[in-house]
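K.L.:
If you want the building blocks of each chain, they are given just below.
Number of protein chains: 2
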Amino acid sequence: MRQNALFQLGTGLGTPGTAHKEEFSIAAPTSARAEARNDHFVVRNGVRCAGAHLIVDLYEADHLDDIDHIEATLRRCVTAAGATLLHLHLHHFEPNGGVSGVAVLAESHISIHSWPEASYAAIDIFMCGNANPDACVPVLREAFAAKRVGVSELLRGQSA
Amino acid sequence: MRQNALFQLGTGLGTPGTAHKEEFSIAAPTSARAEARNDHFVVRNGVRCAGAHLIVDLYEADHLDDIDHIEATLRRCVTAAGATLLHLHLHHFEPNGGVSGVAVLAESHISIHSWPEASYAAIDIFMCGNANPDACVPVLREAFAAKRVGVSELLRGQSA
Numbered sequence: 001m002r003q004n005a006l007f008q009l010g011t012g013l014g015t016p017g018t019a020h021k022e023e024f025s026i027a028a029p030t031s032a033r034a035e036a037r038n039d040h041f042v043v044r045n046g047v048r049c050a051g052a053h054l055i056v057d058l059y060e061a062d063h064l065d066d067i068d069h070i071e072a073t074l075r076r077c078v079t080a081a082g083a084t085l086l087h088l089h090l091h092h093f094e095p096n097g098g099v100s101g102v103a104v105l106a107e108s109h110i111s112i113h114s115w116p117e118a119s120y121a122a123i124d125i126f127m128c129g130n131a132n133p134d135a136c137v138p139v140l141r142e143a144f145a146a147k148r149v150g151v152s153e154l155l156r157g158q159s160a
Numbered sequence: 001m002r003q004n005a006l007f008q009l010g011t012g013l014g015t016p017g018t019a020h021k022e023e024f025s026i027a028a029p030t031s032a033r034a035e036a037r038n039d040h041f042v043v044r045n046g047v048r049c050a051g052a053h054l055i056v057d058l059y060e061a062d063h064l065d066d067i068d069h070i071e072a073t074l075r076r077c078v079t080a081a082g083a084t085l086l087h088l089h090l091h092h093f094e095p096n097g098g099v100s101g102v103a104v105l106a107e108s109h110i111s112i113h114s115w116p117e118a119s120y121a122a123i124d125i126f127m128c129g130n131a132n133p134d135a136c137v138p139v140l141r142e143a144f145a146a147k148r149v150g151v152s153e154l155l156r157g158q159s160a
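Protein chains in written order, with this note's numbering: chain A, 1 to 160; chain B, 1 to 160.
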């Protein structure tokens with residue numbers, strides 16, 4: 001579990017049963033108004049929408065039970081996309097070692113749920129504003145050595 | 001901000017700038033092994049998959065800037081679906097009043113991102129195991145008085 005000057009450790013949740021949890025939150029965003037600006041409607045491929053929502057499936061993938069690796073990968077995705085991390089929560093399931101992780105962003109969120117026993121992870125990446133969700137896909141492919149990757153794009157809120 | 005015997009208040013994040021945040025986590029799940037069992041692959045409509053992922057769009061909706069109402073609605077969704085809440089985080093954006101909220105479940109997650117100025121909310125509901133994500137849709141429709149609701153279902157991990 002890592003910390004730096006930007007991140008404040010969340011409530012210690014202990015280790016109830018065989019589960020393990022971590023959570024982090026930004027203690028002091030530099031500008032809440034900047035956050036708001038990241039969340040505006042965008043035009044993507046000529047379509048006005050609230051944002052692009054990528055549905056990403058990783059098959060025949062590795063490291064899906066490594067919570068520290070998954071945390072580091074979520075952080076790399078946020079950086080690659082040019083997004084702003086507000087909150088990060090990861091949960092380690094036992095006995096299969098699967099991980100659920102969610103990064104709440106100024107631009108929406110990234111989630112991951114892994115099934116190590118099936119070498120499969122379900123990810124979704126929803127980003128509004130100027131962030132680039134596509135930049136997360138090669139990061140995920142490489143980090144988990146996925147032999148097959150499925151990506152679908154949904155443009156959310158087109159008729160809002 | 002509410003608490004009950006099951007929930008432990010997360011780290012006090014203060015109110016940096018004009019942003020407001022809340023977070024909750026289960027202090028002591030009754031059984032971590034039960035959590036793991038909630039996350040198994042399922043057969044849905046004859047298809048073996050990791051779980052059903054509902055993409056829900058609410059249009060011409062109300063109460064989208066009310067963080068307490070959104071929190072209560074997420075909790076009602078979790079109950080309606082028969083799911084197990086592990087962690088809840090909400091973030092209130094200023095100046096538009098939009099809310100981002102994520103509920104991490106033993107069965108995956110629910111997220112909501114709202115744009116009150118467009119009367120629009122983007123929601124996704126991913127549930128594995130025996131939980132029933134469809135049960136969330138009428139809860140959301142009623143809670144936000146949405147005049148139009150779009151629902152798409154993705155069956156994740158079909159070839160895992």
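Hints in this document: simulated from the structure, not taken from any laboratory. Please read these numbers as outputs of a predicted model, since none were measured by experiment. Please note that a few of the clues may not be correct.
[Said to hold, decoys possible] Stretch-level coverage of chain B by chain A, calculated; a stretch enters the list once three of its residues show a Cβ under 8 angstroms from a Cβ in chain A:
hint: 1; segment: 47–60
hint: 2; segment: 64–77
hint: 3; segment: 114–122
hint: 4; segment: 149–157
We put the beta carbon where it would ideally sit given N, CA and C, even for glycine.
K.L.:
None of the hints should be skipped; say for each whether it holds.
P.N.:
The hints, checked one at a time:
1. 47–60: holds (count 6)
2. 64–77: violated (count 0)
3. 114–122: holds (count 5)
4. 149–157: holds (count 4)
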